[in-house]
Amino acid sequence: MLRPALVVAALLIASGPALAADDLASCTKGIAFIKAEIAKNPPAPVLTRLKKALKDANRELGEGEFDECMDAVRDAEKTTGRKS
1 MLRPALVVAA LLIASGPALA ADDLASCTKG IAFIKAEIAK NPPAPVLTRL
51 KKALKDANRE LGEGEFDECM DAVRDAEKTT GRKS
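Following my numbering, the numbering of the sequence shown begins with 1 at its first residue and continues without gaps.
FYI, nobody ran anything at the bench for these hints, they're computed from the structure.
Treat the hints loosely; a few may be bogus.
Unchecked claim - Keeping only pairs whose Cα atoms sit at most 25 angstroms apart, straight-line, the calculated SDA-like set for lysine to any residue is:
(1) Lys-40 / Glu-63
(2) Lys-83 / Thr-48
(3) Lys-40 / Gly-64
(4) Lys-51 / Gly-62
(5) Lys-52 / Met-70
(6) Lys-29 / Lys-78
(7) Lys-55 / Asp-67
(8) Lys-52 / Ala-39
As the list claims (entries may be wrong) - With beta-carbon atoms standing in for the labels, derived distance ranges:
(9) Pro-45 / Ala-25: 26 to 32 angstroms
(10) Lys-51 / Lys-29: 14 to 20 angstroms
(11) Pro-42 / Gly-64: 27 to 33 angstroms
(12) Ala-36 / Glu-68: 29 to 35 angstroms
(13) Asp-22 / Pro-45: 29 to 35 angstroms
(14) Ala-25 / Lys-55: 17 to 23 angstroms
(15) Gly-64 / Asn-41: 28 to 34 angstroms
(16) Glu-65 / Asn-41: 26 to 32 angstroms
(17) Ala-44 / Glu-65: 25 to 31 angstroms
(18) Lys-83 / Lys-51: 26 to 32 angstroms
(19) Asn-58 / Lys-78: 16 to 22 angstroms
(20) Asn-58 / Asp-22: 17 to 23 angstroms
(21) Arg-74 / Ala-39: 15 to 21 angstroms
(22) Lys-78 / Thr-28: 30 to 36 angstroms
This one's a predicted model, so the numbers in the text were calculated from it and none came from an experiment.
By construction, the Cβ of each residue, glycine as well, lies at the ideal position given by its N, Cα and C atoms.
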């Protein structure tokens, strides 16, 4: 009974770096999206929210908190009504 549990645990551990790479790529793509939206020179209230989202996303990227980076990207998507 213990062996299947070990196999599952080993698979989860082995997939960790791949999942982190996907999250990193999504975060990086999201930051590029926010920068592109800022470059479009949106109205002041939108620009303020986008700058905050960019600041938050960059901070979370630096901390390796990719899920929180994606929260900031989703905030930017809601602000613009577009998907990254």
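Evaluation of the provided hints:
1. A threshold of 25 angstroms between alpha carbons decides the hint, and for Lys-40 with Glu-63 the separation of about 28 angstroms lies outside it, so the pair is violated.
2. Under the criterion of a C-alpha separation no larger than 25 angstroms, the hint pairing Lys-83 with Thr-48 is consistent with the structure, at around 18 angstroms.
3. A threshold of 25 angstroms between alpha carbons decides the hint, and for Lys-40 with Gly-64 the separation of about 28 angstroms lies outside it, so the pair is violated.
4. Straight-line distance between C-alpha atoms of Lys-51 and Gly-62 comes to about 17 angstroms, which keeps the hinted pair within the 25 angstroms bound.
5. Restraint check for Lys-52 and Met-70: satisfied, since their Cα atoms lie roughly 13 angstroms apart, inside the 25 angstroms limit.
6. For the hint pairing Lys-29 with Lys-78, the CA-to-CA distance comes to about 16 angstroms; that is within 25 angstroms, so the pair holds.
7. Of the pairs offered as hints, the one joining Lys-55 and Asp-67 holds, with about 15 angstroms between alpha carbons and a cut-off of 25 angstroms not exceeded.
8. Under the criterion of a C-alpha separation no larger than 25 angstroms, the hint pairing Lys-52 with Ala-39 is consistent with the structure, at around 14 angstroms.
9. Judged by the Cβ atoms, the range 26 to 32 angstroms given for Pro-45 and Ala-25 holds: they are separated by roughly 30 angstroms.
10. Under the hint 14 to 20 angstroms, the C-beta atoms of Lys-51 and Lys-29, about 19 angstroms apart, fit the expected range.
11. A beta carbon spacing of about 29 angstroms between Pro-42 and Gly-64 agrees with the range 27 to 33 angstroms that was offered as a hint.
12. Judged by the Cβ atoms, the range 29 to 35 angstroms given for Ala-36 and Glu-68 is violated: they are separated by roughly 21 angstroms.
13. Distance hint for Asp-22 and Pro-45: a CB-CB separation of about 33 angstroms, consistent with the stated range 29 to 35 angstroms.
14. About 21 angstroms separates the C-beta atoms of Ala-25 and Lys-55, a value consistent with the hinted range of 17 to 23 angstroms.
15. Remark: the range hint 28 to 34 angstroms for Gly-64 to Asn-41 is upheld by a beta-carbon distance near 32 angstroms.
16. Checked against the hint of 26 to 32 angstroms, the pair Glu-65 and Asn-41 passes, with Cβ atoms roughly 29 angstroms apart.
17. In this structure the supplied range 25 to 31 angstroms holds for Ala-44 paired with Glu-65, their Cβ-Cβ distance being about 29 angstroms.
18. About 20 angstroms separates the C-beta atoms of Lys-83 and Lys-51, a value inconsistent with the hinted range of 26 to 32 angstroms.
19. In this structure, Asn-58 and Lys-78 meet the distance hint of 16 to 22 angstroms, their C-beta atoms being roughly 18 angstroms apart.
20. Checked against the given bound of 17 to 23 angstroms, the beta carbons of Asn-58 and Asp-22, roughly 19 angstroms apart, stay inside it.
21. The hinted window of 15 to 21 angstroms between Arg-74 and Ala-39 holds, with their beta carbons roughly 20 angstroms apart.
22. Between Lys-78 and Thr-28 the Cβ separation comes to about 20 angstroms, which falls outside the hinted range of 30 to 36 angstroms.
The structure is inconsistent with the numbered hints 1, 3, 12, 18, 22, although it conforms to all the rest.
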